[in-house]
Amino acid sequence: MAEITQHDIVIIGGGGAGLRAAIAVAETYPDLDVGMVSKVYPMRSHTVSAEGGAAGVIKPGDSLEDHIRDTISGSDWLADQDAVEAFVREAPRELTQLEHWGCPWSREPDGSVAVRPFGGMGIQRTWFAADKTGFHMLHTLFQTSLKYARITRYDEWFASRLLVEDGRCQGVVALELRTGEVRGILGKAVILCTGGFGRIFPFTTNAAIKTGDGLGLAYRAGVPLKDMEFVQYHPTGLPGTGILITEAARGEGGILVNKHGDRYLRHYDLGEPLDLGDPRHPLFRTMELGPRDRLSQAFVHEQELGNVFEAPDGAYVHLDIRHLGEKTIDQKIPFVRELAKNYVGIDPVHQPIPVRPVVHYMMGGIDTDLEAATSLPGLFAAGECACVSINGANRLGSNSLPELLVFGARAGRGAAEWAREHPESSRAALEQQADVEEARIRDFRGGDGGTERIASIRADLQAAMESGCGIYRTEATLRAAAESIAELRERFRSMRLDDHSLAFNTELTGALELDLMIEIAEALVHSALQREESRGSHQRLDFPTRDDERFLKHSLAYRTEGVPRIEHRDVVITRWPPAERVYGRAHEAGAAERGT
Amino acid sequence: MARPYPRERSNAWFLERWPYRVFVLRELSALFLALYMGVLLVLAARVHEGSSAFRDYVDALQSPLYLAFHAVALLFALLHSVTWFQAVPKGLPLRRGEQRVAPALLIGANYVAMLALTVLVLVVVLS
Amino acid sequence: MRRSNEPLFWSLFSAGGVVTALLVPALILVTGFLVPAERVEFGRLEAILSHPVGRLALFGVASLTFIHAAHRLRHVLVDMGLRRFRGPIAVAAYLAAIGGAAWAATVAFA
Amino acid sequence: MTQAPSDATTIRLEIARYRPEQDERPVLERYDVPYRHEWVVLDALNYLKDHIDGTLSYRWSCRMGICGSCGMMVNGVPKLTCSAFLRDYLPGPIRVEPMANFPVERDLVTVLDDFMEKFQAVKPWIIRDGEQPLEEGEYRQTPAQLADFKQFSMCINCMLCYAACPVYQHEDEFLGPAVLALAQRYNHDSRDQGKGERQELIWSDEGIWDCTFVGECSAVCPKHVDPAGAIQQAKVESTVGWYRSFLAPFGRG
Ligand SMILES: Cc1cc2nc3c(=O)[nH]c(=O)nc-3n(C[C@H](O)[C@H](O)[C@H](O)COP(=O)(O)OP(=O)(O)OC[C@H]3O[C@@H](n4cnc5c(N)ncnc54)[C@H](O)[C@@H]3O)c2cc1C
Ligand code: SF4
Ligand code: F3S
Ligand code: FES
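Chains as they are written, first to last, in our numbering: chain A, 36 to 631; chain B, 9 to 135; chain C, 5 to 114; chain D, 9 to 261.
FYI, nobody ran anything at the bench for these hints, they're computed from the structure. Backbone N, C-alpha and C define an ideal beta-carbon position, used for all residues, glycine too. Take every hint as true, because none was put in to throw you off.
Some chain B residues flagged as far from chain A (calculated, every beta-carbon gap over 10 angstroms):
1) R17
2) W21
3) R29
4) R63
5) W92
6) A95
7) V96
8) P111
9) A124
Looking from chain D toward chain C, a few residues come up when the C-beta cut is under 10 angstroms (computed):
10) P174
11) E179
12) W211
13) S212
14) D213
15) G215
16) I216
17) W217
18) T220
19) K243
20) V244
21) S246
22) T247
23) V248
24) G249
25) Y251
Taking the hints into account, I'd like the entire structure generated from these sequences.
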């Protein structure tokens with residue numbers, strides 16, 4: 036029999052979003068108690084590896100309107116404009132709040148926070164803490180959360196199933212890694228903050244824990260996954276490991292060159308390169324400061340033209356920051372130097388860094404409204420696992436960290452209000468569900484008779500995703516991927532574990548993750564199949580143009596017993612009608628317009 | 009099932025890795041400093057007693073045993089000086105604005121002071 | 005939580021550490037090698053050690069060295085495994101240092 | 009360090025295994041894994057887990073030296089295994105053990121409870137008498153003021169410093185290097201006013217005074233936090249405070 040514990044609110048995930056939500060509850064309703072379940076100690080969450088920064092309008096000369104416009108055009112008009120507005124309005128306040136909690140933001144000489152340029156943004160508005168922004172944000176949030184006695188943590192507990200009764204989400208079943216114990220953790224409201232799922236691809240900047248568990252849990256509980264087809268490739272990952280070289284390297288003036296030394300971005304409608312000595316370099320929304328989708332796509336074309344370096348770990352181009360000089364590099368982007376030295380053996384002060392596009396961020400996620408509520412009453416979601424949506428078809432760099440804060444806080448407050456209004460219901464039924472889940476996990480662990488190793492199924496899944504849903508897709512590649520996934524689902528049924536023990540069984544959690552990864556990979560592929568257009572990061576060679584007529588819509592994937600059912604919902608357009616998405620040229624025109 | 013294996017404590021940890029061995033030697037330098045101070049005090053007492061008492065003690069100091077002791081003591085004293093200077097910037101992180109004053113500068117200043125004092129001692133004693 | 009008295013001992017220890025680090029190698033050079041080599045005159049030594057500054061310096065250096073050494077040895081013995089006897093060790097070490105300092109006083113101010 | 013024989017194709021790992029359900033104590037098991045020039049020890053462990061023995065347990069996540077979860081003893085020295093290259097240990101074998109000075113939960117996984125408790129005990133959050141309303145914007149902090157604590161804020165809680173500290177090995181109550189550095193991080197933050205609240209614990213015997221400046225904590229720290237320096241500075245501050253409290257017995261301590 037699974038043991039049961041009870042909280043007012045259960046938060047799954049101790050990353051930026053989860054911690055922000057927990058603090059929001061503790062601050063607004065100190066009488067409520069929070070259980071925070073995380074499969075790793077909170078400060079290990081993936082938010083820790085975000086490097087570049089967090090966007091928020093604070094400087095004179097910048098305006099909310101501009102941030103909104105950059106975000107919407109960056110999203111290729113697939114973002115909901117009411118959501119973007121709310122986000123942009125609240126981001127500065129949230130970032131300031133984090134400052135008050137002790138985040139060591141980099142500063143101007145006068146003591147105000149400093150901002151830096153970032154891809155796709157029309158002005159310097161990205162707050163940063165050197166190039167360890169996510170690290171500092173996460174540690175600040177975690178340390179701040181420690182002062183609230185009513186936050187109870189379940190560190191290294193793996194959430195494997197949502198408890199749904201009376202049409203409401205009322206808790207979660209989780210496995211304690213240390214003991215192997217399975218427990219029902221009840222809450223009148225549940226918030227999913229489980230982060231992204233880059234690990235369904237083989238080559239990603241994402242940490243090992245980013246397997247998308249929360250999406251799988253929600254999907255299985257009947258909540259739709261939104262805009263899953265939009266996968267962001269970051270143009271500058273290190274070959275081999277996929278470790279990210281932050282966009283800040285380009286924000287500070289780094290340039291991309293192909294094997295002929297050509298700044299090839301000029302050929303892809305991203306504007307004309309400025310001389311490196313030109314004080315205007317790097318120019319906003321131009322060349323290297325274009326959006327990620329366009330830069331990654333340019334790489335593929337260069338590769339087809341044979342203009343890139345070939346190597347066993349994959350083709351690459353050069354990111355050159357030598358002209359910044361040792362001092363700037365050590366001051367502004369020291370981590371870039373450290374990573375390049377360690378993982379490719381190159382000191383960027385003297386040599387260009389090899390880089391290639393790498394899966395980085397998932398625009399899609401659990402469908403939520405502006406208050407972070409999902410369609411399942413009592414279930415909320417925030418952070419990278421959610422899709423509100425502000426990122427549409429392509430997220431702008433440095434919008435995700437503030438998103439965690441804004442919607443994490445909203446989710447916390449929303450869940451708290453919900454919890455105050457809704458009493459706990461039939462505990463017996465919940466207990467019974469927990470027992471069923473406990474038995475399922477026991478079976479997983481026992482796993483006799485099977486032959487398939489989870490590592491090989493996972494590798495095949497990742498390979499299928501890469502060949503089927505890469506930077507460019509066609510109906511044929513997507514169908515092939517869908518078929519592979521269906522096969523993998525079968526193979527998973529006959530998986531077997533080497534490890535049958537209770538204590539810290541990471542093979543077991545690996546299997547639980549893989550089970551959910553297969554689900555969301557399937558949702559992704561089928562969402563991509565139905566979107567017969569090219570928009571933002573979703574590029575279909577068989578449908579090369581944007582089609583607002585048919586697809587200015589979100590796709591919603593619902594789980595069924597067969598293939599996912601895909602529905603559509605109109606994008607919320609308020610004041611910014613769809614337009615062509617232009618960089619380089621547009622910036623110059625736009626700047627002239629605004630008289631800057 | 010949780011049955012953690014308790015943490016292990018070693019009674020010989022200070023022999024296990026070079027940094028620990030150096031640490032223990034560094035600490036033991038104090039023993040030699042103290043012993044040497046004893047010898048110095050005896051010498052001073054002999055000086056106060058007069059030249060013949062002093063003469064006798066100089067004879068003793070010329071024995072290989074004393075010479076060996078002083079050689080070892082000197083090595084330990086130098087180990088103490090080097091490690092002590094190394095530690096100074098740790099406790100005193102001087103800063104000029106954003107930039108930290110290079111620890112090497114502070115360490116260097118200590119060596120300079122030591123050199124100056126050594127010269128002073130020699131001048132006072134020998135001149 | 006008991007307020008620690010370590011600052012007292014530690015500051016004396018540190019003072020001793022500084023003085024010994026700067027001076028002791030030179031002193032060993034003189035008394036351990038130059039004196040036996042008969043390069044130092046008796047009269048010179050007598051003059052130095054009878055001079056008030058010389059007396060004070062000898063007392064200062066010697067007593068600080070003893071305190072420094074007592075403190076260090078006290079801790080290293082504990083670190084090396086005599087944790088159980090940490091109390092007696094501390095008492096013994098500082099008593100020895102005080103004894104040493106008293107001896108230094110009698111010699112220096114004789 | 010031995011030069012890489014360019015034809016190395018495999019390398020031997022000796023891994024400490026402890027399965028509480030079957031082992032009385034940790035035992036070393038030997039595995040041969042492929043050698044690749046660009047691999048770190050963690051890559052070898054992952055290979056091992058995926059292809060040879062799925063029962064091996066260890067923690068890891070970011071594989072880029074920032075999440076702090078992959079600390080282990082590599083040939084007896086605390087290391088982040090995601091930043092320890094196989095090529096630096098040629099020709100092997102490489103001994104991989106759980107971090108020293110912690111109880112072992114399973115294989116290479118240690119128990120963090122003690123660390124987490126002490127971590128919280130030093131109140132690692134901004135403490136202020138009064139809050140400035142958010143509408144008035146950020147607290148001003150000059151780059152120099154930031155530099156005053158920045159180094160101590162770089163700690164990734166990997167605990168390698170604890171694995172290297174012999175005092176922590178023998179003294180259960182000792183707060184230890186990273187936690188003391190963390191306290192300094194807040195005490196030195198120009199926005200913080202909580203020094204008084206932290207002092208009692210930090211300045212106690214279990215705080216800075218148990219440290220005998222072995223210094224290995226700083227030597228093994230992958231993020232150059234220099235906890236030994238933090239502790240030395242706190243000792244100086246505590247000493248100044250101690251004398252001051254005698255000079256001004258009626259003032260605030
Ligand atoms: C290398 C890199 C650099 C980036 N840089 C930037 C940047 O500069 N600017 C920017 O805006 N964005 C950046 N991003 C994106 C941004 O960092 C992420 O989108 C964001 O941190 C996600 O935060 P989160 O709180 O949603 O999830 P995470 O921080 O990933 O946390 C997820 C949490 O959920 C828990 N969890 C997951 N599954 C389970 C389960 N089954 N049971 C229990 N707990 C579970 C985990 O333990 C973890 O605590 C970057 C991303 C990467 C990969
Ligand atoms: S101080 Fe250094 S070694 Fe210690 S936990 Fe922090 S980062 Fe790791
Ligand atoms: S190793 Fe330990 S003794 Fe002090 S200097 Fe570091 S904490
Ligand atoms: S895996 Fe994150 S620090 Fe090594």
